[in-house]
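Asks: So you can see what is in the structure, the chains are spelled out below.
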Amino acid sequence: GAVVSQHPSWVICKSGTSVKIECRSLDFQATTMFWYRQFPKQSLMLMATSNEGSKATYEQGVEKDKFLINHASLTLSTLTVTSAHPEDSSFYICSARGGGSNYGYTFGSGTRLTVV
Amino acid sequence: TQLLEQSPQFLSIQEGENLTVYCNSSSVFSSLQWYRQEPGEGPVLLVTVVTGGEVKKLKRLTFQFGDARKDSSLHITAAQPGDTGLYLCAAGGGGNKLTFGTGTQLKVEL
Numbered sequence: 001g002a003v004v005s006q007h008p009s010w011v012i013c014k015s016g017t018s019v020k021i022e023c024r025s026l027d028f029q030a031t032t033m034f035w036y037r038q039f040p041k042q043s044l045m046l047m048a049t050s051n052e053g054s055k056a057t058y059e060q061g062v063e064k065d066k067f068l069i070n071h072a073s074l075t076l077s078t079l080t081v082t083s084a085h086p087e088d089s090s091f092y093i094c095s096a097r098g099g100g101s102n103y104g105y106t107f108g109s110g111t112r113l114t115v116v
Numbered sequence: 001t002q003l004l005e006q007s008p009q010f011l012s013i014q015e016g017e018n019l020t021v022y023c024n025s026s027s028v029f030s031s032l033q034w035y036r037q038e039p040g041e042g043p044v045l046l047v048t049v050v051t052g053g054e055v056k057k058l059k060r061l062t063f064q065f066g067d068a069r070k071d072s073s074l075h076i077t078a079a080q081p082g083d084t085g086l087y088l089c090a091a092g093g094g095g096n097k098l099t100f101g102t103g104t105q106l107k108v109e110l
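Chains W and B are the protein sequences, given in the same order. Reminder that position 38 of the first sequence reads as 38 in our numbering, one-by-one numbering, no gaps. Reminder that position 86 of the second sequence reads as 86 in our numbering, one-by-one numbering, no gaps.
If you're looking for bench data, these hints aren't it; they were derived computationally from the structure.
Straight-line alpha carbon distances no greater than 20 Å define the calculated DMTMM-like cross-link-like pairs of lysine to aspartate or glutamate that follow:
1. W:Lys20 - B:Glu41
2. B:Lys59 - B:Glu38
3. B:Lys57 - B:Asp71
4. W:Lys41 - B:Glu38
5. W:Lys20 - W:Glu52
6. B:Lys97 - W:Glu52
7. B:Lys97 - W:Glu59
8. W:Lys66 - W:Glu22
9. W:Lys41 - B:Glu109
10. W:Lys14 - W:Asp65
11. W:Lys41 - B:Asp83
12. W:Lys41 - B:Glu5
13. B:Lys97 - W:Glu63
14. W:Lys41 - B:Glu41
All chains should be built: construct the whole structure from the sequences, respecting the hints.
Replies: What follows is the structure in structure tokens.
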């Protein structure tokens, strides 16, 4: 089946630094990828939709300059948290969707970001 | 923005008990999905329901899509500790976005 690889699985960084998270579709081409944020014991909140070759679409309230998304190929999307602060600490999850099926959402295993 | 309200929010039961989780919305959906998520992992798809009134079974799990396609339920029979996790319903929206419900945290104890 479809596999999405997310890397790193966890990262600790200092305040003010930037962190890049990668999301790769391993055995299919993902025309669209999605980035979610999840706080402890809460549901997933969609941050942005990443479309290959075009600008990402951000959800209301998400700072596009803080959460930079790049989807340069059909198998890779990256989320960069710029100038990270402790309040950015969270669990970030990506999801990829190939062309065709309406139900083909595959999720990465998530990245635990801790900003100290 | 469509809202998917799940109830209950938290559920702690003993092994062997039955339970039902509900997912409700005022919007009509063409399809609805149920996921289960364990700590530190991404959500894993359990089922997709498409037709109003549809019932799908996955071992001890029974999923139902409401006739009006606005709500869904997940029933677990004879719960086991391995069923512990966060259960999420989700539905598609504009631009192929997948919106998740508020979540139900289930804990099954021995």
